[in-house]
Amino acid sequence: MNDRACRRIACLIGEDLPARLELARAFSPWVEVSADGAAIWLDVRGCAALHHDEEGLAAALVAGARRAGWTVRVGIAGSKGVARLVAEWGRGRDAPEGGDERGSISARKQAPEPATAGGVCGAGEGWVVVRPGRDREAVAGLPVAVLRPSREAAETLRRWGIRTLGQLAALPRAEVALRLGAAGTRWRDLAAGDDDEPLVPTPQPDEPEEQVALEDPLSEVEPLLFVLRGAIDRVAARLAARGAVFGAVVLRLRLESGATDDRSLAPAVPLRDVAAILALFRVSIESSPPAAAVTGLTVRGIPAAARSFQLSLFEPAGPAPQQLAVTLARLAALVGCERVGTPLAPDAHRSAAPLALRLLRPPLAARWDGRRLETDDPRLRGAAVRASGPWKLRGGWWSERPFERDYYDVELSGGALLRLFRDVSTAAWFVDGIYD
Amino acid sequence: MEAVNGSKGPVAAERDPQALLARLRREGVLRTALEVGAYGTRPVLPTGVESLDRMLGGGLPRGRIVELVGPLSSGRTAFLWQVLAVATARGEQTALIDPADAFDAAAAAAAGVALERVLWVRPGRRRDAFRAADLVLDAGGFGVVALDLTDLRSGGEARGWVLWPRLSMRAERSATVLLVLSERREAGTFAAIALGLRRGSPDWVGAAGSPLLLERLDVRIEILRSKVGRPGGPVRWTSGSSEGKHGRHAA
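Protein chains in written order, with my numbering: chain A, 95 to 530; chain B, 13 to 263.
To be clear, the hints were calculated from the coordinates, so they are not data collected in a lab. Here the structure is a predicted model, which is why all the values come from computation and not from measurement. Fair warning: there could be bad hints in the mix.
Stated by the list, open to error - Examples of chain B residues lying across from chain A (beta carbon under 7 Å, computed):
1. 85
2. 88
3. 89
4. 105
5. 113
6. 116
7. 118
8. 127
9. 130
10. 132
11. 133
12. 134
13. 151
14. 153
15. 252
Said to hold, decoys possible - Simulated restraints on C-beta separations:
16. A:291 - B:103: 58 to 66 Å
17. B:181 - A:346: 36 to 44 Å
18. A:405 - B:239: 26 to 34 Å
19. A:490 - B:239: 49 to 57 Å
20. B:185 - A:297: 36 to 44 Å
All C-beta atoms, glycine included, are put in the ideal place defined by N, C-alpha and C.
Turn these sequences into a full structure, and let the hints guide you.
Encoded structure:
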């Protein structure tokens with residue numbers, strides 16, 4: 095048997111494209127979406143054994159859609175075209191008698207069902223399976239209007255007396271090509287069961303998503319993380335299949351109250367480590383638990399290319415970027431985003447301290463009479479041994495918060511060396527920092 | 013011994029050989045073969061204070077806890093900046109856990125610290141400071157992690173002694189120098205080295221009747237405890253820029 099004879103294609107026809115895609119990908123990794131989005135084809139070679147036979151597979155597809163609350167029509171055949179035809183016009187459907195390729199149907203009548211007698215097709219509620227090698231017979235009774243020919247082509251076929259696909263298949267291929275062009279050849283091949291249009295898998299969606307619906311609401315962290323891990327694992331596997339890693343992760347928790355709780359992680363560098371992502375979500379959930387029990391969740395992975403880093407021959411190796419990203423996220427969860435990072439010198443002209451200075455943020459209110467310092471901190475009070483100043487500093491006059499200060503350096507009898515300032519506008523004294 | 017006795021200068025001037033030996037051993041000039049072997053294989057981070065590095069066998073031991081202990085204004089922060097400046101100049105990544113939010117970035121940069129190689133974490137609580145240090149050490153790859161416990165305003169919080177074994181293990185695994193700044197010793201036996209800092213007299217300059225300028229700080233550094241060598245010191249180190257009061261003007 096040649097390759098074409100081995101092909102088995104399933105076609106899903108229905109309304110909800112994302113849902114159909116999810117369903118299709120659950121059955122086969124090779125999935126193509128038609129250009130108009132109406133049909134989804136699956137390469138189901140080798141899949142039938144999982145469901146006893148192809149009828150079982152088709153019934154499972156229909157049942158899977160029904161469980162999710164929507165309907166789908168399924169056709170399985172040896173080619174994409176025939177699979178779509180039997181899915182669209184398989185049972186109890188209205189087949190057009192004539193029309194154009196824009197789908198304007200002039201008249202309708204009950205379509206003849208594909209030949210189920212003689213073992214050509216198997217059929218059930220919502221599905222039709224064409225036996226291998228019987229594609230031509232399966233669609234022979236369908237009117238040519240199901241091919242949606244243009245008005246001119248439809249008129250030509252009518253003049254030839256061609257009403258059904260069986261009649262079209264009987265025409266010489268070269269003559270059809272001569273008179274109807276490439277489209278006519280394709281229709282004739284399809285009708286003859288010779289359609290060899292390959293299945294071109296549609297790439298996975300940009301942001302793979304996994305959903306979990308829970309039978310019982312979860313109100314504790316550990317069970318929730320257990321479920322979450324499975325979902326993240328699956329998204330990670332789907333990203334890995336295309337050579338991507340997590341650039342960001344979005345988690346939506348569906349709550350018992352009907353509300354949703356959205357959380358997202360955007361690590362500093364792309365991550366592939368599921369345990370790390372789970373750890374970050376643990377921190378997030380533990381620090382701010384959801385408002386109600388969780389009835390379901392959705393994990394969406396924002397893909398990013400995995401980065402490679404070149405180590406320097408001449409500099410010490412720093413933290414591994416991915417590990418550092420996890421650490422930064424954990425630190426941010428622990429102390430707050432605004433309290434982790436690289437220090438920046440303020441973009442202002444300030445007097446540089448001659449010695450190392452420990453700043454007091456905010457400055458500590460003080461009373462200073464030139465000889466003795468009093469503050470609320472017992473270590474920062476006492477008689478002065480020596481003092482110098484004032485060192486005047488004025489700034490911010492271009493902003494809404496101008497300041498004018500007189501700075502002093504003071505050595506206390508207890509040994510502390512302090513920097514004080516007096517706010518000129520309020521005459522209040524503050525300890526700015528400690529020389530250390 | 014011949015080399016020592018035959019040398020000139022202040023060493024040769026020592027009259028009592030036993031006292032001379034004791035002093036040289038205390039200063040780290042003379043070491044036993046065991047110590048030389050240990051120093052030769054142990055990775056260290058130089059502090060840039062030559063006499064202290066010599067006593068420490070090359071510098072601060074990597075993978076160990078080093079305590080900087082001293083009262084207010086004893087020079088702990090200045091010494092920390094000195095270590096950070098040396099480490100960042102070598103291209104190493106460093107981290108500063110600063111619960112008091114006391115880090116003066118502008119002055120540290122002026123002191124030679126490459127800020128872009130410093131991860132600055134400002135936990136609000138002492139307990140979080142230990143957890144932050146744990147996380148940073150766990151990440152690995154940092155040459156120095158400084159845990160500044162010199163927090164004036166959190167003296168009432170419980171001490172985190174139970175975390176020292178964990179931090180010690182993490183530091184060893186990541187070959188990181190964990191510097192702990194505090195007013196009294198905190199890490200106990202988990203500290204490989206404890207350096208005690210004392211301040212000498214501050215260097216006020218200026219003639220009588222004119223404004224005084226606080227120029228430099230004379231710091232005495234003593235090795236209070238050492239698992240890798242022996243206690244010793246003190247060594248003198250001067251903190252502060254000779255350029256003095258950059259941008260300051262007397263009124």
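### Query
Hints broken by the structure, by number, lowest first?
none
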